[in-house]
Amino acid sequence: MLPLCSHEDCWQAATVDGREWCQHDPPLQVAEHSPWRELEALSKREGFAVLWAQVNLGGRFLRMEAEGCPLVCGELLTQETSMTGGGNVNRRYRWVRRDELTRRVWGIVGAEGAWQYETPPDCEACPDPPMT
Amino acid sequence: MANTVTFKAVYDPGTGSALTEIGATDKLYWQKAGEFAYGASGAIPVNEYNGGFHIINSSNEELCDTAHAVNLKYLTDSTVSINGGDSANVNTITTAQCLNILVSCSPNAEVTAATFWAYGSGEANAPTGLTVKGMKQGGAAWATIGGSAAAIKLGTSASAATHNYYVALSVSPTSNGAKTGTLKASVTVV
Numbered sequence: 001m002l003p004l005c006s007h008e009d010c011w012q013a014a015t016v017d018g019r020e021w022c023q024h025d026p027p028l029q030v031a032e033h034s035p036w037r038e039l040e041a042l043s044k045r046e047g048f049a050v051l052w053a054q055v056n057l058g059g060r061f062l063r064m065e066a067e068g069c070p071l072v073c074g075e076l077l078t079q080e081t082s083m084t085g086g087g088n089v090n091r092r093y094r095w096v097r098r099d100e101l102t103r104r105v106w107g108i109v110g111a112e113g114a115w116q117y118e119t120p121p122d123c124e125a126c127p128d129p130p131m132t
Numbered sequence: 001m002a003n004t005v006t007f008k009a010v011y012d013p014g015t016g017s018a019l020t021e022i023g024a025t026d027k028l029y030w031q032k033a034g035e036f037a038y039g040a041s042g043a044i045p046v047n048e049y050n051g052g053f054h055i056i057n058s059s060n061e062e063l064c065d066t067a068h069a070v071n072l073k074y075l076t077d078s079t080v081s082i083n084g085g086d087s088a089n090v091n092t093i094t095t096a097q098c099l100n101i102l103v104s105c106s107p108n109a110e111v112t113a114a115t116f117w118a119y120g121s122g123e124a125n126a127p128t129g130l131t132v133k134g135m136k137q138g139g140a141a142w143a144t145i146g147g148s149a150a151a152i153k154l155g156t157s158a159s160a161a162t163h164n165y166y167v168a169l170s171v172s173p174t175s176n177g178a179k180t181g182t183l184k185a186s187v188t189v190v
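Taken in sequence, the protein lines are chains A and B. Residue 119 in my numbering sits at position 119 of the first sequence, with consecutive numbering throughout. Residue 4 in my numbering sits at position 4 of the second sequence, with consecutive numbering throughout.
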């Protein structure tokens, strides 16, 4: 496992060519898209695969092995507003997903905990962790 | 900077009509037609839809006192009354008349999924005694959006620093008494 990045709010990954990556690495900062999409573009151009990826948030981290499948890292953002009082609630999670042939496996970390879900292979929406 | 989602609505808080963020303790308040009236005096009759829409603070005071937020009243699945006007096709509802869901990303990111719904005692449950109608701006028909299984899909959005979604809302009590409910947006970004 990689040492935890100094940025505690990020994803990290390792690729088969031995390189280690963090979301904040300068080569991944491009205007066109997110650092993860740039890592995907780089891996396609240079012909390397992601071995595993890890999401870090709020002192929690969760790592997922590729096991020969594509991995994706992203975020889930939720906003709630009460129709009758109680104010607004923002939540933010980081997730890593393994795209298998017959399912998608999601690992999610947030301020309240860590969760794992499975969804059908065409599901793009990150499952909402339960409220606490 | 962290990615965020915020709700906004067009109203005039006294500094001019503008798209204004719904503050942390602000509330969306639907009532019967007429002047702003909080509580029983503004109650929407059972099985009727809202005649007024206001943004109020935690003390239940109207924030949109100079110019109210636009009221969208469900008439049929494909029609709406806008600010008390005649029946109009729902596809005439403009973005400025809707609740704005603003997704801000830094660095740029794409939205791969976005949903919106209303819930009551739990995310899977519709608000008790309340029918909530909603639709994505530009859509062809209202939908009942109570409970996560009834969430409306807001669609994807290509990589950018900001993504705007717009949702029209209308509510109707199905029984007497104060109602509770929560509106939720859930957005997946890569």
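If you're looking for bench data, these hints aren't it; they were derived computationally from the structure. The beta carbon of each residue, even a glycine, is placed where N, CA and C say it ideally should be. It cannot be assumed that every hint is accurate.
As the list claims (entries may be wrong) - Once the Cα atoms are required to be at most 25 Å apart in a straight line, the calculated SDA-like pairs of lysine to any residue come out as:
(1) B:Lys153 with A:Asp25
(2) B:Lys153 with A:His33
(3) B:Lys153 with A:Asp99
(4) B:Lys153 with A:Ser6
As the list claims (entries may be wrong) - Covered by chain B, according to a simulated footprint, are these stretches of chain A (three or more residues, beta-carbon under 8 Å):
(5) 47 to 59
(6) 70 to 82
With a cut-off of 25 Å on the C-alpha distance, tell me whether Lys153 (chain B) and Asp99 (chain A) pass. holds, 22 Å
Measure nothing beyond the straight line between the CA atoms of Lys153 (chain B) and Ser6 (chain A); if it is 25 Å or shorter, mark the hint as holding. Cα-Cα ~37 Å, so violated.
In terms of beta carbon proximity below 8 Å, does the region 47 to 59 of chain A have 3 or more residues touching chain B? violated (count 0)
Would the pair Lys153 (chain B) and His33 (chain A) pass a check requiring their Cα atoms to be no farther apart than 25 Å? Roughly 23 Å between the alpha carbons, so the hint for Lys153 (chain B) and His33 (chain A) holds.
Using a Cβ cutoff of 8 Å, are there at least 3 residues of the region 70 to 82 of chain A near chain B, or does the coverage claim fail? Three-residue rule met by the region 70 to 82 of chain A, so holds; n is 11.
Assess, step by step, whether the Cα of Lys153 (chain B) is no farther than 25 Å from the Cα of Asp25 (chain A), and give holds or violated. violated, 34 Å
Hints 1, 4, 5 from the earlier list are contradicted by this structure; the remaining hints agree with it.
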